[in-house]
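S.K.: For the protein sequence lines, the chains are A and B, in the order given. Residue numbering for the first sequence follows this note's numbering, starting at 128 and increasing by one per position. Residue numbering for the second sequence follows this note's numbering, starting at 128 and increasing by one per position.
In case anyone wonders, no lab produced these hints; they're calculated from the structure. Remember, predicted model here, so these are calculated numbers, not experimental data. Possibly wrong hints are sitting among the right ones.
[What the hints assert, rightly or not] Using C-beta positions, here's what the derived DEER-type ranges look like:
1) A:371 - B:521: 37 to 45 Å
2) A:509 - B:298: 37 to 45 Å
3) A:184 - B:240: 47 to 55 Å
4) A:522 - B:412: 43 to 51 Å
All residues carry an ideal CB built from backbone N, CA and C; glycine is no exception.
2 protein chains.
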Amino acid sequence: MKKIKVKTALVSVSDKTDLDKLADYFFENEVEVISSGGTFKALKKINAKLKLIEVASYTSFNEILDGRIKTLHPLIHAGILADKSNANHKRQLNDLKINHIDLVVVNLYPFENTVKKNSDESICIENIDIGGPSLVRGAAKNYRSVAVITTPKYYEEFINEAEKNNNYISFKLRKKLASEAFKHTAYYDGVIANWFDKKNRIYQSNKNVLPLKKIHNLRYGENPHQKAAIFSLGNSSIKKIAGKELSFNNINDLEVAFELADNFKKSSCVIVKHGNPCGVALDDQQKKAYKKALACDRVSAFGGIVAFNKVVDGETANEVLKIFTEVIVAPRFSSKAIKIFSKKKNLILIEYKNKKPLNKLLIKSTKNFLLIQDKDLKNVEKNELKFFNKKPNKNLIDDMLFAFTVSKFINSNAIVISKGLATVGIGIGQTNRIDSAKQAIKRKKTNFGNVEAVLASDGFFPFPDIVKICSKNKIKAIIQPGGSLNDNSVIKEAKKQNINLVFTGIRHFKH
Amino acid sequence: MKKIKVKTALVSVSDKTDLDKLADYFFENEVEVISSGGTFKALKKINAKLKLIEVASYTSFNEILDGRIKTLHPLIHAGILADKSNANHKRQLNDLKINHIDLVVVNLYPFENTVKKNSDESICIENIDIGGPSLVRGAAKNYRSVAVITTPKYYEEFINEAEKNNNYISFKLRKKLASEAFKHTAYYDGVIANWFDKKNRIYQSNKNVLPLKKIHNLRYGENPHQKAAIFSLGNSSIKKIAGKELSFNNINDLEVAFELADNFKKSSCVIVKHGNPCGVALDDQQKKAYKKALACDRVSAFGGIVAFNKVVDGETANEVLKIFTEVIVAPRFSSKAIKIFSKKKNLILIEYKNKKPLNKLLIKSTKNFLLIQDKDLKNVEKNELKFFNKKPNKNLIDDMLFAFTVSKFINSNAIVISKGLATVGIGIGQTNRIDSAKQAIKRKKTNFGNVEAVLASDGFFPFPDIVKICSKNKIKAIIQPGGSLNDNSVIKEAKKQNINLVFTGIRHFKH
Chain A
128 MKKIKVKTAL VSVSDKTDLD KLADYFFENE VEVISSGGTF KALKKINAKL KLIEVASYTS
188 FNEILDGRIK TLHPLIHAGI LADKSNANHK RQLNDLKINH IDLVVVNLYP FENTVKKNSD
248 ESICIENIDI GGPSLVRGAA KNYRSVAVIT TPKYYEEFIN EAEKNNNYIS FKLRKKLASE
308 AFKHTAYYDG VIANWFDKKN RIYQSNKNVL PLKKIHNLRY GENPHQKAAI FSLGNSSIKK
368 IAGKELSFNN INDLEVAFEL ADNFKKSSCV IVKHGNPCGV ALDDQQKKAY KKALACDRVS
428 AFGGIVAFNK VVDGETANEV LKIFTEVIVA PRFSSKAIKI FSKKKNLILI EYKNKKPLNK
488 LLIKSTKNFL LIQDKDLKNV EKNELKFFNK KPNKNLIDDM LFAFTVSKFI NSNAIVISKG
548 LATVGIGIGQ TNRIDSAKQA IKRKKTNFGN VEAVLASDGF FPFPDIVKIC SKNKIKAIIQ
608 PGGSLNDNSV IKEAKKQNIN LVFTGIRHFK H
Chain B
128 MKKIKVKTAL VSVSDKTDLD KLADYFFENE VEVISSGGTF KALKKINAKL KLIEVASYTS
188 FNEILDGRIK TLHPLIHAGI LADKSNANHK RQLNDLKINH IDLVVVNLYP FENTVKKNSD
248 ESICIENIDI GGPSLVRGAA KNYRSVAVIT TPKYYEEFIN EAEKNNNYIS FKLRKKLASE
308 AFKHTAYYDG VIANWFDKKN RIYQSNKNVL PLKKIHNLRY GENPHQKAAI FSLGNSSIKK
368 IAGKELSFNN INDLEVAFEL ADNFKKSSCV IVKHGNPCGV ALDDQQKKAY KKALACDRVS
428 AFGGIVAFNK VVDGETANEV LKIFTEVIVA PRFSSKAIKI FSKKKNLILI EYKNKKPLNK
488 LLIKSTKNFL LIQDKDLKNV EKNELKFFNK KPNKNLIDDM LFAFTVSKFI NSNAIVISKG
548 LATVGIGIGQ TNRIDSAKQA IKRKKTNFGN VEAVLASDGF FPFPDIVKIC SKNKIKAIIQ
608 PGGSLNDNSV IKEAKKQNIN LVFTGIRHFK H
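Assemble the whole structure, with the sequences as input and the hints as a guide.
M.R.: Spelled out as structure tokens, the structure:
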């Protein structure tokens, strides 16, 4: 494919970064520049000798509607859209007495930043650019004849290539820039669509987009042979205040850990490994919460991710330092805690800035599809519980609700055994429920002996067999969704074994 | 906000579906219609009495560049973009002797369908619509003054509202249509961007979009209180040939099951529950592959998802019917198999049409971010293995590679024990590796006694302790990535225990 020489450019930029570099390039290569408004003035100020033409004089049509109509004119668009290899197109431009436009440099009204800063709807609407995307899209479509630049980021690459090639631009660069241009306009409209659609009608619309703003590339993904990056769907931010670079798996783990920790009002501690909590506890004394969470499974906790829902204090920091931990995440760290943690230079400290989840949707890609669902933000309340024996006392109910909440964050089939608002045995991700139950019970026995405790299950018991096992292992209360065909025999067995059974009516599968 | 009355409409539709309904609405409400080309002709043919004006006569500017320039004219765009509540705008339209355009009905050149049907790049480029999106975006921006329709799907709702309200259109409907319009243009440009960017430069670009085409809403998500839908990122398709509606969890499971089954050349069977394989086997005889997969964990397999990589035959169908199964997925079913399966009317049969994965990216949303990585498509080959003892024989290596491949599809920490190309014990998703190993070994013992077998681990052994446990449980070979600080003591222990240790250099974490 042919190189094209840049003789005429159209420039309209709201972001004036590095405009002087572009002006130098225009001047040195004697490029004629069509421009208007602020861009025209800025270019003139940089270099009065530039060959500048105002859009209105070029089109003989004055800007109207407070700038809503400037470049939306056939004389501009014909220059952009004409195919240089087409003799008819050439002739038609001649008839109109206009030239090909070889380069379009446009960046769009800053809609996204305006929306972030300003809630006034009229100002937001005025920042929906109409003329800009038309120019960008036209130039990108016609990349065989035109080059298009949508952000100052590409000025250097463009100018370098022009300098090396006597102001000719290669097909390869033009195509790359066109690809970037359509990403740019697609992202721009995606952000606008999301602004319009605050209630997220993703389930009503047949076509949707997810605009993705990259935060940064990651060293690699779940494994070293996979490339990866982290994207923002909104204003979310975590702040690393110490330690080495976060890995893909670190981020995945810390997000689970903090979300669970943040689910509780009382001071909490959550330890996560491989995406699953291996210890969770609540205690007014943060240090004790940590010690209880750790006690649940010391083997797993080694090298884990630890989350707190309150400011981390020095006492806790000293305790956490006793074993190897990879990441600590909290809303904030006391200066004393930061000082104590600074002894371990690799230890990653993360301050979680946005406590409210911004993603209301849970997105998962499979082999060939994308599955999108509302996040499971349901927390079962006391008044939703269904009792079958005499109503348990408040402490027992609190323990059951605590265990059931934890089960929401564990891969299904999840079984959580707790005592005194601390997990004492967790069964994770087994392909059948009885194995998860056996696993949780075995862990309780190994680490805590045969203590009394309560058991939560993220899904219903398909058969009464688990109740029998519970009875043998001092489980005095069971909380589960209910809804099995065999509920009646499960209830019967619980009564027989004198176990306090509670149904939530809510399931918490997570895969 | 004020209702607006529709006096003038601009119509340009490549999809002529239900255009007659729209024409009737125009005629009955005496709406003046600005139009051109095929739409103008079609409207005239439907009703010669319509008040039709051609774009070229309206603008006094003839269509040029083979139709690339038609509506990109200030007289058109001023009519769309003028604010009806602004006296200056009103005066400027008067000066130009034009009216407000109250309704824009535009659907875009069918770029996506053209790309699907046609690989000729010039034809694809010609189907990038420039004028259409400019009209749609302008009207949507100015939704306080204009209504915009982008698909025949909305004609009925629009006409119904107009009929009920004396041809006035409410603010609510205009805003909804504007929101749909920006989704439409964002999706359109997202598809174009992906077409340009065949190598997927998601890691190079700062802004990206995922265009999402909804296949259909699902009854609910992972749990009944979560809304959900399934989206396509490409041409993927699965065909349900029998049974009840697929649930969210069914789809998630069958995608894992088929992807793993399809990883093997030999006839394979995979049984999945809760997103994890609970039995996998290869055998030239399909029925035997099923029986072996089932034998690995009969308790978990109950109500499972079963995948085959070859056409399902009648013999296999009879075998599968012996226990309760929810979904069977395969490239195809023999007519005999279909007849046999038809005895169970709820049983879901899925023919998998696209064997190649279309999604090269794995997308996962967390509390506040989107993590995107390349899919883990790596399959370790024989020549990549690193041996430390005498090289094992071919059968043993085949078994090790089989087990290691299975481990890629199991939640980490994953341990897979196999014998004769069939799993005999699986350890799933534990927060520490030794517990996964113990679990897999216990399952082997329970279901197969103390048979000799090989063991695969998706991640390295952090300590030599697992080797000792293996030795006590007749594991004669271990395949794992290697890469631990303690590799040397692991190798030493394996030599001591006379276990054939193999390193892959590749890790298969999956969370």
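S.K.: Determine for every hint whether it applies to the structure shown.
M.R.: Checked hints:
1. A:371 - B:521: 37 to 45 Å: Taking Cβ atoms as reference, residue 371 of chain A and residue 521 of chain B lie about 43 Å apart, which means the hint holds.
2. A:509 - B:298: 37 to 45 Å: holds (43 Å)
3. A:184 - B:240: 47 to 55 Å: violated (42 Å)
4. A:522 - B:412: 43 to 51 Å: violated (59 Å)
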